[in-house]
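Novice: These protein sequence lines map, in sequence, to chains F and E.
Position one of the first sequence corresponds to residue 1 (full-length UniProt numbering), numbered consecutively onward.
Position one of the second sequence corresponds to residue 1 (full-length UniProt numbering), numbered consecutively onward.
It is possible that part of the hints are untrue.
Where chains are identical, the list cannot tell them apart; a pair therefore holds if satisfied intra-copy or between any two copies.
[Unchecked claim] SDA-like, lysine to any residue: derived pairs with alpha carbons at most 20 Å apart:
hint: 1; residue 1: 118; residue 2: 129
hint: 2; residue 1: 58; residue 2: 93
hint: 3; residue 1: 118; residue 2: 80
hint: 4; residue 1: 118; residue 2: 193
hint: 5; residue 1: 118; residue 2: 236
hint: 6; residue 1: 118; residue 2: 238
hint: 7; residue 1: 22; residue 2: 272
hint: 8; residue 1: 118; residue 2: 280
hint: 9; residue 1: 58; residue 2: 102
hint: 10; residue 1: 58; residue 2: 34
hint: 11; residue 1: 118; residue 2: 158
hint: 12; residue 1: 118; residue 2: 277
hint: 13; residue 1: 118; residue 2: 229
hint: 14; residue 1: 22; residue 2: 53
Hints are computed from structural coordinates only; laboratory data are not their basis.
There are 2 protein chains.
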Amino acid sequence: MSPLSSGAADLSRFSINQMTVKQLSLPELADSCLELGVPGVGLWRAPVQEYGVEAAAKLLRDAGLAVTTLCRGGFFTAIDPAERAAALADNRRAIDEAATLGTDTLVLVSGGLPAGSKDLYGARERIADALTELGPYAEKHGVRLAIEPLHPMYAADRCVVSTLTQALDLAERFPAHQVGVAVDTYHIWWDDNAPAQIARAGAGGRIHTFQLADWTTPLPEGVLNGRGQIGDGSIDMREWRTYVEAAGYTGPIEVELFNDALWARDGREVLAETAARFVEHAA
Amino acid sequence: MSPLSSGAADLSRFSINQMTVKQLSLPELADSCLELGVPGVGLWRAPVQEYGVEAAAKLLRDAGLAVTTLCRGGFFTAIDPAERAAALADNRRAIDEAATLGTDTLVLVSGGLPAGSKDLYGARERIADALTELGPYAEKHGVRLAIEPLHPMYAADRCVVSTLTQALDLAERFPAHQVGVAVDTYHIWWDDNAPAQIARAGAGGRIHTFQLADWTTPLPEGVLNGRGQIGDGSIDMREWRTYVEAAGYTGPIEVELFNDALWARDGREVLAETAARFVEHAA
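This is chain F alone, in the form it adopts within the complex:
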């Protein structure tokens, strides 16, 4: 019997993002989810492509697991026309993959400053240009795009959209069923404007996913793989869950951790721990 089975009802909103346990193959991930009573998974394009998109879709469908998001499209900020065309083509493929996997949400990491550029404003406008092309394409495939504001420490090299306010300013240029936002505690927890922006997003039907990670320090070199296990850091998960639910969000809650220490451990054990932490701190 699973150590969590007595509390299985509390996992009804839980989804495990594949990156949290990237040491597990897709079949191992599906098996572990079934064993623990985890109802959904968020997927990443590279491991899904490696396994085969159709095969992954079948595997998860047969296991009865919901695919809550696909990560990720984006990287829209190039200036060079050929690079921009390649990014758009790649994002159309990402939308196709999302549709094949049966998820309604493609998460977007919008891209940083092009080499040598210091123009955040121009980069944000190029994101809007890309969404003008991709929004209708996504709608046609039953997929919603979720602009994820990334923590300001990624503004130069990864994502010039640094706050929920900026993400909504972009998203609201488009219909909500085409473009919304990803609310991720790790990126917004420091921002005293974020609760009001969650309300704004909810009122517009634009909270397309809600993701959890905790903030732990010291940050590692490169600051990519420091997303802390739920409960280990400075973020009050229940507070943020309250904000999104007050804003009308009733969807899955994904735990997405990038963390070298977790990746070095047994993946099933990490998944069980993560589910238990979700129940303790966020359910």
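Add chain E to chain F, keeping to what the hints say.
Specialist: Just chain E now, kept in the frame of chain F:
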């Protein structure tokens, strides 16, 4: 003849923060400034205390160098009463030292979350409590307190004041000659609200110092010593200088870098390079 002497007039607003060239002793720093035509220095408490506060004051006065700021007071967020009393006492000493050094500005790094706390709001209120006590003390000594918003990546462990907006919301509870803000490009460059907040600060006479550092990636482990040399990163220094000057700021412009690569080099060479970069990118 100094390589910069032909452009010495362009250094009239330049001040070198002591941490940028911490490998130099105070006498070496003073000599190098005189040689290069650098008119001002921003000081740090620890090396000044080590040299002797009175002796440092005399050294810099005799050299004709302005002390543009003293870094730093702050760390106001403790909950424990004894810790809070100790912080207040230490900040009174910092104000005394600033007055002795002849600078009108003490920069405040307000402090992070106490161990185990997740309450950013409460921590910010404790900063306000401390300023209620320290503001009048500073005024009596002819010193202004400058709340420095630190980049959101420091919110947990160093400074819960993450934006100019938050810093001004705090500062405006007090008279401007007691409490203002530090505008530092490194901490605010990503924030599209910052230009309007600089205008707000200037209108209230609350820009108490303006500091430069560039944003370079990848960030180092712990993210403390990644402040990039001017011109090496993503920040348009002239743009930010334009904002503070449009807001009425006419004071010194300090370059404050924490950077292991710069610290490993000859300090006089780094100072000359920094002055040259200031002229090239910000004068």
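Novice: Would you mind marking each hint as holding or not holding in the structure?
Specialist: Against the structure, the hints come out as follows:
{"no.": "1", "hint": "118 with 129", "in the structure": "within (19 Å within a copy, 39 Å between copies)"}
{"no.": "2", "hint": "58 with 93", "in the structure": "within (18 Å within a copy, 68 Å between copies)"}
{"no.": "3", "hint": "118 with 80", "in the structure": "within (16 Å within a copy, 44 Å between copies)"}
{"no.": "4", "hint": "118 with 193", "in the structure": "between (25 Å within a copy, 17 Å between copies)"}
{"no.": "5", "hint": "118 with 236", "in the structure": "between (34 Å within a copy, 6 Å between copies)"}
{"no.": "6", "hint": "118 with 238", "in the structure": "between (38 Å within a copy, 11 Å between copies)"}
{"no.": "7", "hint": "22 with 272", "in the structure": "within (14 Å within a copy, 48 Å between copies)"}
{"no.": "8", "hint": "118 with 280", "in the structure": "between (43 Å within a copy, 16 Å between copies)"}
{"no.": "9", "hint": "58 with 102", "in the structure": "within (10 Å within a copy, 73 Å between copies)"}
{"no.": "10", "hint": "58 with 34", "in the structure": "within (15 Å within a copy, 74 Å between copies)"}
{"no.": "11", "hint": "118 with 158", "in the structure": "within (14 Å within a copy, 27 Å between copies)"}
{"no.": "12", "hint": "118 with 277", "in the structure": "between (41 Å within a copy, 17 Å between copies)"}
{"no.": "13", "hint": "118 with 229", "in the structure": "between (34 Å within a copy, 15 Å between copies)"}
{"no.": "14", "hint": "22 with 53", "in the structure": "within (17 Å within a copy, 55 Å between copies)"}
The structure agrees with every numbered hint stated previously.
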